[in-house]
Amino acid sequence: MGAIQNQLSPPVTDELSLVQAAKRGDDSAFEELVRRYDRNVFRIAQHITQNREDAEDVVQEAFLKAYSNLAQFQEQSKFYTWLVRIAVNEALMKLRRRKPERTVSLDEEIKTEDDSLPREIADWSPNPEQQYTQAELREILSKTIQGLPPGFRTVFVLRDVEGLSTEETASALELSVPAVKSRLLRARLQLRDRLGRYFQKRESGDGNR
Amino acid sequence: MKCSEFLQELTNYLDGVLDEKTKVELENHLSWCHNCYVVCDTTKKTIEIYRDSQLYELPEDLRSRLRSAIMTKCQQQKKRGPQSVG
Numbered sequence: 004m005g006a007i008q009n010q011l012s013p014p015v016t017d018e019l020s021l022v023q024a025a026k027r028g029d030d031s032a033f034e035e036l037v038r039r040y041d042r043n044v045f046r047i048a049q050h051i052t053q054n055r056e057d058a059e060d061v062v063q064e065a066f067l068k069a070y071s072n073l074a075q076f077q078e079q080s081k082f083y084t085w086l087v088r089i090a091v092n093e094a095l096m097k098l099r100r101r102k103p104e105r106t107v108s109l110d111e112e113i114k115t116e117d118d119s120l121p122r123e124i125a126d127w128s129p130n131p132e133q134q135y136t137q138a139e140l141r142e143i144l145s146k147t148i149q150g151l152p153p154g155f156r157t158v159f160v161l162r163d164v165e166g167l168s169t170e171e172t173a174s175a176l177e178l179s180v181p182a183v184k185s186r187l188l189r190a191r192l193q194l195r196d197r198l199g200r201y202f203q204k205r206e207s208g209d210g211n212r
Numbered sequence: 012m013k014c015s016e017f018l019q020e021l022t023n024y025l026d027g028v029l030d031e032k033t034k035v036e037l038e039n040h041l042s043w044c045h046n047c048y049v050v051c052d053t054t055k056k057t058i059e060i061y062r063d064s065q066l067y068e069l070p071e072d073l074r075s076r077l078r079s080a081i082m083t084k085c086q087q088q089k090k091r092g093p094q095s096v097g
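The listed protein sequences derive, respectively, from chains V and Z. Going by the working numbering, the first residue of the first sequence is number 4, and it counts up by one from there. Going by the working numbering, the first residue of the second sequence is number 12, and it counts up by one from there.
It cannot be assumed that every hint is accurate.
Stated by the list, open to error - No more than 35 Å apart at the CA atoms, straight line, and that leaves these computed lysine-lysine pairs for DSBU-like: (1) Z:K32 to Z:K55; (2) Z:K34 to V:K81; (3) V:K204 to Z:K56; (4) Z:K89 to V:K68.
To be verified - So the derived list for chain Z, only partly shown, Cβ under 8 Å to chain V, looks like this: (5) L29; (6) K32; (7) T33; (8) L41; (9) T57; (10) I81.
As the list claims (entries may be wrong) - Just so you have them, the derived chain Z footprint on chain V, three or more residues with Cβ under 8 Å: (11) 17-27; (12) 76-88; (13) 149-156.
FYI, nobody ran anything at the bench for these hints, they're computed from the structure. None of these values were measured; they are calculated from a predicted model. Yeah, the Cβ is synthetic: ideal placement off N, Cα and C, and Gly gets one too.
Modelling step: build the complete structure from the supplied sequences, incorporating the hints.
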């Protein structure tokens, strides 16, 4: 399938070449970058804003901003990491506008003293996701991650959903590596805790241990 | 290794970036501490479930609408002239 396409034209495939072509004014190269990352930007934006319309706006604004500021992009980091940084900032701005009563920041002070083991340690059933339909599962996952503070869910999404490295996440969010690691741990544990309500092993008569 | 130490290392362990010595200690801890074993296993599942969830996929029709809107705006911007920031 891919082999046939490859015979037709040798497309510019690596990110840096596309960026350099876009910088020289080749809009089709920029469009290829949009095509390459629009899904990721949309997912990240919707995870942060929790709102579909806002996420659509963020996709447009982030790419437009990247386009306008392409000359300033230094090529020392990956274009994608740079784009993610722009998108996260746009998404946080949307969130602030929507929830002005609460300060929304990635730097919000997060308490660290409750670093003990999670309280509920009930095991899950072997294939918990199969207890639900796809739609139910999405609803559960979406509701659960919405309960996390924005600073936690952003780190989780970049690291665990989008697969950025710890260093890339730190760079995209302008956080230190230890800060990313600590937020990631908390995000993972909180999600685990909350998902446990849906995925716990159901044993009759085994309420407490 | 104590349970609290296990928790400190959990993220590094799941990300596969733990040094060999700590990894052996952690796995030794998991072999007898059921609670930590469960936490480790279900945290791993949590990550996998989210990673595989396809939550917030961008539908193709919306995707192409967004893309053409982006490209139109980019071209309008280009016509308006070069950047003010140097």
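Hint check against the structure, violated hint numbers in rising order: Hints 5, 6, 7, 8, 11, 12 and 13 contradicted; others consistent.
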